[in-house]
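Now for the letters of each chain:
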Amino acid sequence: MNKLALRRIENYHFTEDQRRNLQTSGAAGFRNDGWEIVIGLEVHAQISTKSKLFSESPTDFGSDPNSQVSFYDAAMPGTLPVLNGAAVDLAIKTGLSINGTINKISQFDRKNYFYPDLPAGYQISQLYFPIISNGYIDIELADTTRSLKRINIERIHIEQDAGKSNHDLSADFSYIDLNRAGIPLMEIVSKPDMRSSTEAIQYVKKLRTILRYIETCDCNMEKGNLRIDANISIRKSGDPLGNRVEIKNINSIKFLGQALDYEAERQIAAREHGEEVAQETRLFDAGAGMTRSMRIKENFADYRYFPDPDLKHLVLTDERIDKIRRELPELPDAKKARFVEKYDLSESDATVLTEDRIMAQYFEKAVTASKFKGSSKLIANWVIGELFAFLNKTGQNIYDIKFPIEYIGELVDLILDKTISGNIAKSVFAKMVEINESPSKIVADQGLAQIRDDSLIKTIAEDIIKNNPNQVAEYKSGKKQLFGFFVGQCMKALQGKGNPEMINEILKAMLD
Amino acid sequence: MLKLDYEMKNNLTISAARKGLASGEFSSFELTKYYLDKIEQNVDLNAFVTIDREKSLLAAQKADKEIAGGTDLPLLGIPIAIKDLFCTNGIRTTACSKMLYDFVPRYESTVTQNLLNDGAVFLGKTNMDEFAMGSANITSCFGPCFLPFRKKSNPTSKLVPGGSSGGSASSVASDLCVAATASDTGGSIRQPASFSGLVGIKPTYGLCSRWGMISFASSFDQAGPITKTVEDAGIMLKSMAGFDPKDSTSANTNIPDYQKCLGRPIKGLKIGIVAEFMDGLSQENLELIERACSWLKDNGCEIIDLSLRTIPYALPAYYIIAPAEASSNLARYDGVRYGYRADGCKTVDELFVKSRSEGFGEEVKRRIMTGTYVLSAGCYDAYYLKALKIREIINIDLQTNAFSKVDAILLITTTRTAFSIEESNNMTPIEMYLSDVFTVTANIAGLPGISIPVGLSDDGLPMGVQLIGNKFQEEILFRIAYVLEKCANFRELKKSILVEDTVYNE
Chain S
3 MNKLALRRIE
13 NYHFTEDQRR
23 NLQTSGAAGF
33 RNDGWEIVIG
43 LEVHAQISTK
53 SKLFSESPTD
63 FGSDPNSQVS
73 FYDAAMPGTL
83 PVLNGAAVDL
93 AIKTGLSING
103 TINKISQFDR
113 KNYFYPDLPA
123 GYQISQLYFP
133 IISNGYIDIE
143 LADTTRSLKR
153 INIERIHIEQ
163 DAGKSNHDLS
173 ADFSYIDLNR
183 AGIPLMEIVS
193 KPDMRSSTEA
203 IQYVKKLRTI
213 LRYIETCDCN
223 MEKGNLRIDA
233 NISIRKSGDP
243 LGNRVEIKNI
253 NSIKFLGQAL
263 DYEAERQIAA
273 REHGEEVAQE
283 TRLFDAGAGM
293 TRSMRIKENF
303 ADYRYFPDPD
313 LKHLVLTDER
323 IDKIRRELPE
333 LPDAKKARFV
343 EKYDLSESDA
353 TVLTEDRIMA
363 QYFEKAVTAS
373 KFKGSSKLIA
383 NWVIGELFAF
393 LNKTGQNIYD
403 IKFPIEYIGE
413 LVDLILDKTI
423 SGNIAKSVFA
433 KMVEINESPS
443 KIVADQGLAQ
453 IRDDSLIKTI
463 AEDIIKNNPN
473 QVAEYKSGKK
483 QLFGFFVGQC
493 MKALQGKGNP
503 EMINEILKAM
513 LD
Chain D
5 MLKLDYEMKN
15 NLTISAARKG
25 LASGEFSSFE
35 LTKYYLDKIE
45 QNVDLNAFVT
55 IDREKSLLAA
65 QKADKEIAGG
75 TDLPLLGIPI
85 AIKDLFCTNG
95 IRTTACSKML
105 YDFVPRYEST
115 VTQNLLNDGA
125 VFLGKTNMDE
135 FAMGSANITS
145 CFGPCFLPFR
155 KKSNPTSKLV
165 PGGSSGGSAS
175 SVASDLCVAA
185 TASDTGGSIR
195 QPASFSGLVG
205 IKPTYGLCSR
215 WGMISFASSF
225 DQAGPITKTV
235 EDAGIMLKSM
245 AGFDPKDSTS
255 ANTNIPDYQK
265 CLGRPIKGLK
275 IGIVAEFMDG
285 LSQENLELIE
295 RACSWLKDNG
305 CEIIDLSLRT
315 IPYALPAYYI
325 IAPAEASSNL
335 ARYDGVRYGY
345 RADGCKTVDE
355 LFVKSRSEGF
365 GEEVKRRIMT
375 GTYVLSAGCY
385 DAYYLKALKI
395 REIINIDLQT
405 NAFSKVDAIL
415 LITTTRTAFS
425 IEESNNMTPI
435 EMYLSDVFTV
445 TANIAGLPGI
455 SIPVGLSDDG
465 LPMGVQLIGN
475 KFQEEILFRI
485 AYVLEKCANF
495 RELKKSILVE
505 DTVYNE
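If you read the sequences in order, they're chains S and D.
Taking the working numbering, the leading residue of the first sequence gets 3, the next gets one more, and so forth.
Taking the working numbering, the leading residue of the second sequence gets 5, the next gets one more, and so forth.
No lab work stands behind these hints, which were simulated from the structure alone.
Treat the hints loosely; a few may be bogus.
As the list claims (entries may be wrong) - With the Cβ distance kept under 8 Å, some of the chain S side facing chain D (calculated, not the full set):
#, residue
1, Ala76
2, Pro79
3, Leu82
4, Val84
5, Gly123
6, Leu313
As the list claims (entries may be wrong) - 27 Å max Cα-Cα, derived DSS-like pairs, lysine-lysine:
#, chain 1, residue 1, chain 2, residue 2
7, D, Lys393, S, Lys314
8, D, Lys390, S, Lys314
9, S, Lys373, S, Lys443
Positions of the beta carbon are idealized from the N, C-alpha and C atoms, including for glycine.
All chains, full assembly: derive it from the sequences and hints.
This is the structure in structure tokens:
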């Protein structure tokens with residue numbers, strides 16, 4: 003027995019301390035009508051492991067029902083859990099990435115309740131001593147200030163997923179698929195630090211970016227690999243926290259926003275009509291766009307949490323934690339700061355380019371491919387402008403593109419060394435994504451290179467001056483804005499490929 | 005067919021059977037068949053709940069071939085019995101509960117696999133208290149099981165072998181097998197061994213893998229053998245024990261050859277007598293301990309008086325923590341995937357409630373209720389958490405005030421000798437729980453405890469003493485137990501016990 007087991011944390015989502023802190027927190031989150039919305043999220047992220055948390059069954063998605071179930075997963079008599087060390091390592095990695103404290107001793111507890119797709123009659127989780135505590139992430143507020151707000155993360159604990167019940171296959175029976183039973187999850191529990199649905203969305207997006215960076219969860223919400231329980235309450239300025247409503251199992255960011263907005267309005271309407279908001283669990287009905295009460299009794303459910311006697315305390319060594327720390331990739335915030343500094347990008351460009359680790363990697367590859375120092379800003383414009391537009395239009399991801407990303411650097415170089423103009427570059431880009439050929443080759447094959455032949459430009463300029471005596475006369479009498487007309491005529495004669503500076507120079511010499 | 009002398013028939017040990025097999029005096033097939041027949045003749049004892057005659061005989065034939073081929077394994081061809089708590093691949097495993105009446109596992113427990121790897125032949129599954137909850141083997145869904153012994157004062161009354169490993173004890177005591185596996189959560193090996201005049205050891209927690217052994221209370225459950233002699237207990241335990249990566253609570257430690265340490269002098273070993281264990285003992289029990297002390301002194305041991313003030317709290321702590329764990333461990337029996345399912349349920353809640361109400365017996369339900377209560381909101385701190393603290397304090401007390409001073413503690417195993425079936429049925433649950441008062445300490449602290457038969461009561465029934473050692477000190481226990489066994493010469497004493505006709509015959 004370890005002394006650790008001798009303490010119990012009650013109602014960890016909102017401790018008295020938190021309630022007090024919240025009462026004194028600033029009024030920034032208050033709406034015009036004086037109501038403040040208080041939101042805390044519990045994000046259930048599937049840990050990207052090959053096998054389950056306590057068994058060797060695979061975690062592949064979409065397999066035949068009950069094809070990934072071991073004797074343990076089905077809770078056959080006498081079977082026992084063996085902790086998957088890879089899941090622990092990924093949880094540590096996540097903890098380090100959200101600036102959390104890695105607890106060197108943590109404990110698995112049983113949460114007891116009966117449900118047909120919960121084979122053992124209990125879920126192994128970590129209530130009393132989670133593996134990670136006290137982290138935070140900074141989100142960028144969506145207002146014009148783009149200022150940062152810190153969202154504190156109370157804890158991350160490791161737990162098992164349950165199976166799936168299917169009630170649609172038969173009118174008389176329900177069927178159970180245990181493929182998901184025992185899949186490792188991290189439950190990432192924020193403090194009630196968010197004050198609007200927009201902040202909640204920003205938080206989830208930022209969290210998703212981090213998890214994808216460190217590859218501890220693929221965050222595929224369609225597959226259920228990232229699910230959200232949202233806790234929301236409202237209060238008037240200075241009041242203690244209102245009754246908390248938990249909206250369970252939200253499976254898209256869009257629904258998160260809709261559910262929170264609906265729920266905030268519902269609670270405000272109730273309070274303004276003098277009604278109490280019941281502390282309860284609700285579900286979001288995406289079809290109806292509203293939340294519905296799930297089971298009011300849930301608040302009285304007693305899960306009888308106690309330390310799992312089949313598992314020893316999870317004890318982590320400094321070596322293990324340090325090794326994971328050393329192997330951490332550059333995280334989004336650090337990468338963004340570096341992009342701003344090193345590539346002279348604006349904050350917003352840097353944010354966009356670092357939202358996805360692969361995207362950032364591609365951008366840096368393109369920059370490296372460029373021969374020009376200081377081309378990075380232009381490359382960023384091309385990536386965010388043309389490349390993103392192309393990806394959006396074709397519904398592709400950055401890693402789906404068929405041409406080497408270095409081509410973007412090459413294309414920008416062609417502009418910078420004046421081989422082609424920016425306009426021509428756009429058509430080169432269009433061709434490039436179509437035939438996956440290098441910009442230089444496209445320019446060569448299609449004869450798109452700028453004409454820099456001094457004598458050719460002079461001949462054409464002379465012809466144009468000779469053929470437009472009236473305009474020349476007007477120009478000479480002071481109508482200087484006609485200069486653009488002569489440039490346009492030259493460019494037209496050169497099929498748009500003439501070097502603009504040279505045309506300017508030659509025309510100026512001839513006319514002035 | 006099989007010709008065995010009286011001694012062989014009634015005291016066939018592993019080493020004697022090995023000799024007989026090696027010399028060709030009998031084959032494993034003959035021995036197995038002899039036991040299967042004897043089990044049939046003694047079906048009234050209700051020691052076995054599942055027998056697969058054909059399978060056992062096939063295993064014996066296979067062993068005979070291996071013996072002929074020169075294979076040498078510690079248990080090759082030895083017919084043993086398996087407590088019905090161990091999952092056996094392809095053989096019904098019920099934990100003697102209606103809940104698992106038809107359950108046939110498709111996997112083998114680590115302990116039984118270890119025994120199979122060492123060549124053992126399984127005769128069948130033995131009766132036990134339902135889910136190992138009980139001290140008289142009267143909670144089994146197959147009905148009680150009986151000892152072959154009778155009280156001198158009341159020879160017509162049938163006696164129970166204790167529990168929960170009653171079938172294992174009864175089958176070894178009746179010589180329906182050479183040895184048996186058992187399990188001990190609060191005394192379920194040692195108490196029946198003591199009632200039945202046998203040796204039973206509960207090893208250090210973690211020595212035997214719990215994988216495939218149906219859980220009662222995970223932090224207490226340990227497998228161990230019930231045997232006729234200390235030497236057999238050593239051979240069986242060596243085979244059953246060993247690190248198992250499939251059990252996270254399994255100890256990664258080397259298992260010594262216990263047989264080899266037997267006979268090594270015990271001179272200089274310090275044996276503790278704990279005042280709290282001696283409080284209020286009957287004259288008969290006090291004399292038993294005194295006799296054991298004098299044998300140990302004769303062999304050069306030093307007897308040291310100890311006081312462990314936390315000991316009285318072991319039983320209450322045990323009866324809080326064990327039911328708490330059981331209430332959760334038994335939640336999987338819900339009628340959904342396997343096991344008993346109530347008919348005609350309209351809702352899933354009804355399915356849970358009816359299946360569990362009908363599938364579990366009274367004692368199991370009582371413990372699930374107790375465990376659910378002590379874990380529930382408002383009771384957790386007052387009961388469960390307090391019991392965990394007591395458990396920790398008892399550990400500290402034992403280490404500081406006992407094992408820093410002595411090599412082993414000597415105490416009785418049970419206050420009384422085997423109950424009659426009528427007595428057992430009339431006992432209240434609390435009276436029944438109190439019969440574990442001397443055995444639970446070893447479970448609470450995860451320490452090894454061994455019971456050795458050393459005497460007969462005035463009523464002519466076996467009496468055992470118990471030794472508790474420090475963690476992983478089974479060797480010391482075996483060495484001391486071996487000396488006590490010799491001094492007591494129980495093999496001779498046993499001849500004066502009243503025995504049912506069908507069991508021991510000339």
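So, going through the hints one by one against the coordinates:
1. Taking 8 Å as the C-beta cut-off, the interface hint given for Ala76/S holds, the closest approach to chain D being about 6 Å.
2. Evaluation of the Pro79/S hint against chain D yields a held restraint, the C-beta minimum of about 4 Å falling below 8 Å.
3. A distance limit of 8 Å between C-beta atoms decides the matter here; for Leu82/S the minimum to chain D is near 5 Å, and the interface restraint holds.
4. At about 6 Å, the closest approach between the beta carbon of Val84/S and any beta carbon in chain D falls short of 8 Å, and the interface hint on this residue holds.
5. Interface restraint check: Gly123/S against chain D, minimum CB-CB distance 2 Å, threshold 8 Å, status holds.
6. Look at Leu313/S: its Cβ gets to within about 5 Å of chain D, closer than 8 Å, so that hint holds up.
7. Proposed proximity of Lys393/D and Lys314/S is supported: the alpha carbons are some 17 Å apart, at most 27 Å.
8. At most 27 Å may separate the alpha-carbon atoms for a hinted pair to count; Lys390/D and Lys314/S meet this at roughly 20 Å.
9. Using a Cα cut-off of 27 Å, the hinted pair Lys373/S and Lys443/S holds, with the two alpha carbons roughly 17 Å apart.
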